[in-house]
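Line by line, the protein sequences are chains R and E. Sequence positions in the first sequence follow the numbering used here and run 150 to 599. Sequence positions in the second sequence follow the numbering used here and run 150 to 599.
Hint data in this document are derived by calculation from the structure and do not stem from the laboratory. Where hints are given, some of them may not hold.
Repeated chains share a single entry, so a pair holds when one copy, or any two copies, can fit it.
[As the list claims (entries may be wrong)] Below, simulated DSS-like cross-link-like pairs (lysine-lysine); rule was C-alpha separation at most 27 Å, straight line:
(1) K259 / K185
(2) K593 / K471
(3) K592 / K409
(4) K440 / K185
(5) K376 / K449
(6) K259 / K440
(7) K471 / K409
(8) K471 / K185
(9) K449 / K185
(10) K245 / K381
(11) K185 / K376
(12) K185 / K203
(13) K203 / K440
(14) K589 / K410
(15) K376 / K245
(16) K409 / K203
(17) K381 / K449
(18) K245 / K589
(19) K471 / K440
(20) K449 / K410
(21) K203 / K259
(22) K245 / K259
(23) K471 / K410
(24) K409 / K381
(25) K589 / K185
The chain contents come next:
Number of protein chains: 2
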Amino acid sequence: MSGTTSGGTHAEKWAENPTSLGAARAAGLARVASRKLAVLSEATRNAVLEAAAKRLEENAARIVSANTDDVGDAEELVQAGQMSGAMLARLRVTEKSVHEMAHRVRGVAKLADPLGRRLAVTELDEGLVLTRETCSLGVVAVVFESRPDVVPQVASLALKSGNAILLKGGAEAARTNESLMTIWREALNESGGVPDGAAQMLHSRADVMELLTLERDVDLLIPRGGKTFVEKISRQSRIPVLGHGEGICHVYVHAAADLKKAEGIVMDAKTDYPAACNSVETLLVDMDIAKEFLPRIVDKLRAAGVEVRGCGRTRAAASDVKVASEQDWETEYGDLILSIKVVDGLEGAIAHIHEFGSGHTEAIVTEDLAAAEQFLSEVDAAGVFHNASTRFADGYRYGLGAEVGISNGKLHARGPMGMEGLTTYKYKLRGSGQIVSEYKSGKKFTHRPL
Amino acid sequence: MSGTTSGGTHAEKWAENPTSLGAARAAGLARVASRKLAVLSEATRNAVLEAAAKRLEENAARIVSANTDDVGDAEELVQAGQMSGAMLARLRVTEKSVHEMAHRVRGVAKLADPLGRRLAVTELDEGLVLTRETCSLGVVAVVFESRPDVVPQVASLALKSGNAILLKGGAEAARTNESLMTIWREALNESGGVPDGAAQMLHSRADVMELLTLERDVDLLIPRGGKTFVEKISRQSRIPVLGHGEGICHVYVHAAADLKKAEGIVMDAKTDYPAACNSVETLLVDMDIAKEFLPRIVDKLRAAGVEVRGCGRTRAAASDVKVASEQDWETEYGDLILSIKVVDGLEGAIAHIHEFGSGHTEAIVTEDLAAAEQFLSEVDAAGVFHNASTRFADGYRYGLGAEVGISNGKLHARGPMGMEGLTTYKYKLRGSGQIVSEYKSGKKFTHRPL
């Protein structure tokens, strides 16, 4: 996260030399565009979003047609056992889902302007006023897999927050993504005022490798994918990376839990969408209620097709539970598998979470408010929940409009990252000729909040 | 910035095995301590700061005595030409400066509590309330050079913000730093409630190298030093790093500038403390006023011992100016040297700044408010100043109380970084058994700000 904020002429060199190819040229154009996007009025940004939403609706058939080709290829891969059915499902786009994309773009237009917000205004001295004000980051690159609705979602969040965007999707969705991006760029061109280079698609793996080296022209990299993918990108690039390596989330059923609520939450957190990073991987159950709760929940889980693995005390309390090894506590199954551990109270649960959790989302189920508050306060994670499913950890459900990614890290953005994660701030200091040496020889700062 | 937020038992292993040595053990103890620091009451944190301030004052003689030894060695190095006089000056501690340190520690105690601030409260649905709340980062490591007053300054900011701290100072100040840290730790122990491991000193280069690998137990690394040092640390560590590579700051004297103000600002920005990162390195002057302004400012600079280098147009307007090469525009002199370039108006100035600036602090001098606002809005830097010296870019002058570092990056913290940079936030969700699948079958979110 060191300082590489400039790049004007470097970028312009690329702009002047369009025979160069690949990510570097795209990033150069994006940098040039970002200078203009940063100062576009809110009205213009919203008008462009409206134009884009309209154009998506008008071209729904065109998008679905491109998608049909992608889906056709994907179906062959599924039949050949080279792609999962879930991945195919995420790839599919219908006219209805294009209208949903347009609806979400309009939703982003309706969000409050994230730019030019005054975070603090301080009078340093008479006639010397410091303002801390939000502004766009500049150029943001997002590398994602399968789901084509990421294209309008991320592009709209980037535009609303005054950022240029570079997108790289998965090969399996290439035609759908390209079609969505073409329509998006048509809308930008038609609207006028938005510079070319504001939204661009990267096409190859080589582009991504090149992208990682462009720290002068790219301010933030958001990899949306598996743990290995995110780690690889973080390791290879000097561009700041925000993303989540993994989601090892826990539900802890406390001794004073309402077991009916606990059942509902555990079943939702495990079975609603097992591939999601906010699904539960390990269930922690207090010893005091293990004998009562475990047989019930294990039966329900098994009935829902969940494979259950447990510690010795779990296996003593419920029948036919496989042995959980040390490895299980640190595994993100992303599947219908759940490991269960019996713990001795709140401290034990928190210790287990701090040892094996990934800092994503952790939930306690209890009717004891003091225990709940202790858990929320002591557990070190992006989301700490009381009597609610871990699956609520999501930008849309949190009311952020949408999300560009989820961060397990603690810096800049933590948890579901909405538009705010695509902004930074600058300090504007307005004076009338003040110099520092005067304040060394007696002059005093007022430091008065305005 | 990937997710490594846990570490409990790993940490505890180190705590149980104190025969292990070096940074890993210190970081493990720090992680254990950070869990407790995170939940200390504000009253306790402030009482400990007061105790530390008092103990510093009472032990001023002891600190000065340790410092006398460091200074003695340093004086020999200066005589041997192996240390600069400026470095020696920064190293020196007097009873008066110890009292100033204590005063600043009390100043930190007086700052508003950075923890538990509610950044947003949203009702997601009836009985399901989401709170975004500030909390401590965890374990912060600061690697710094010479100035021993960094020890109480950073230690107090860390304690106030509920973080454990690992400090590594320069060898030249080893005895002074050790003495300050011993006194600090005595105060923590005496106060009770503060876990051992809350503030620790690392001692060797090997400790620093080991530190870089401890991403599980260290949340943030702040290198305070030269460009090469900061870059090396960023490159070698997977721990998030905040710091500034360099300060290539510009003062741009616009055609409509008050030349008296311009003179004052340029002289202050260059000569007040040339080694500081917020000093000016390149002066940009509008062509329209070059003939009037340049001879005056060059004379004044030369009279103050500043070596002046300029572009062709500068050399045509003022006599005896050395040739500035392309290299000069990208050099942080940190010394009494200034490069000057004549530009054609605001656009030219901004383009030069975006090409060569480091995103630290950029100033315009003008009486034309529209030009000033355009500069503040378009220039992409942590600090954008109108009619004020770049030297104001500083945590204390900004009213942040003190600074733990300055960030040229755009993520998490930008510009002078106070206590807020040592905090993150978490989302607390309080429900009554809600599950996500209900909201897929018709139930609606209210998303009402509270």
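Now the hints, each set against the structure:
For the identical chains of this complex, K259 and K185 are intra-copy neighbours only, at 22 Å inside a copy versus 42 Å across copies, given an alpha-carbon limit of 27 Å. In this assembly of identical chains, K593 and K471 lie within 27 Å of each other by CA distance neither inside one copy nor across copies; the values are 71 Å within and 39 Å between. In the homo-oligomer, the alpha carbons of K592 and K409 lie at most 27 Å apart only across protomers (20 Å), although the nearest pairing inside one protomer, at 67 Å, exceeds that limit. Within a single copy, K440 and K185 get their C-alpha atoms no closer than 64 Å, and across copies no closer than 33 Å, so neither meets the 27 Å cut-off.
In this assembly of identical chains, K376 and K449 lie within 27 Å of each other by CA distance neither inside one copy nor across copies; the values are 30 Å within and 59 Å between. Taking the shortest Cα distances, K259 and K440 never come within 27 Å of each other, neither inside one copy (51 Å) nor across copies (52 Å). Taking identical chains as interchangeable, the C-alpha atoms of K471 and K409 lie at most 27 Å apart only when both belong to the same chain, with a minimum of 24 Å there against 82 Å between chains. For a Cα distance limit of 27 Å, the shortest separation of K471 from K185 qualifies neither inside one copy, at 59 Å, nor across copies, at 36 Å.
Taking the shortest alpha-carbon separations for K449 and K185, neither the intra-copy value of 56 Å nor the inter-copy value of 38 Å comes in at or below 27 Å. Taking CA atoms no more than 27 Å apart as the test, K245 paired with K381 passes in neither setting, with 36 Å inside one copy and 52 Å between copies. In this assembly of identical chains, K185 and K376 lie within 27 Å of each other by CA distance neither inside one copy nor across copies; the values are 35 Å within and 30 Å between. For the identical chains of this complex, K185 and K203 are intra-copy neighbours only, at 24 Å inside a copy versus 54 Å across copies, given an alpha-carbon limit of 27 Å.
Proximity of K203 and K440 under a CA criterion of 27 Å is satisfied in neither setting, with 58 Å inside one chain copy and 55 Å between copies. For the homomeric pair K589 and K410, the shortest alpha-carbon distance between copies (18 Å) is at most 27 Å, but the shortest distance inside one copy (63 Å) is not. Proximity of K376 to K245 under the C-alpha cut-off of 27 Å is found in neither arrangement, the shortest distances being 32 Å within a copy and 53 Å between copies. Taking the closest pair of Cα atoms, K409 and K203 never come within 27 Å of each other, the shortest separation being 46 Å inside a single copy and 55 Å across copies.
For the identical chains of this complex, K381 and K449 are neighbours neither inside a copy (38 Å) nor across copies (54 Å), given an alpha-carbon limit of 27 Å. In this assembly of identical chains, K245 and K589 lie within 27 Å of each other by CA distance solely across copies; the values are 16 Å between and 67 Å within a copy. For the identical chains of this complex, K471 and K440 are intra-copy neighbours only, at 17 Å inside a copy versus 86 Å across copies, given an alpha-carbon limit of 27 Å. Within a single copy, K449 and K410 get their C-alpha atoms as close as 14 Å, which meets the 27 Å cut-off; across copies the closest is 77 Å, which misses it.
In this assembly of identical chains, the alpha carbons of K203 and K259 lie at most 27 Å apart only when taken from the same copy (15 Å versus 54 Å across copies). For the identical chains of this complex, K245 and K259 are intra-copy neighbours only, at 21 Å inside a copy versus 57 Å across copies, given an alpha-carbon limit of 27 Å. For a Cα distance limit of 27 Å, the shortest separation of K471 from K410 inside one copy, 25 Å, qualifies, whereas the shortest one across copies, 78 Å, does not. Neither within a single protomer nor between protomers do K409 and K381 lie at most 27 Å apart by alpha-carbon distance, with minima of 42 Å and 54 Å respectively.
In this homomeric assembly, K589 and K185 never come within 27 Å of each other (Cα to Cα): the closest approach is 40 Å inside a single copy and 40 Å across copies.
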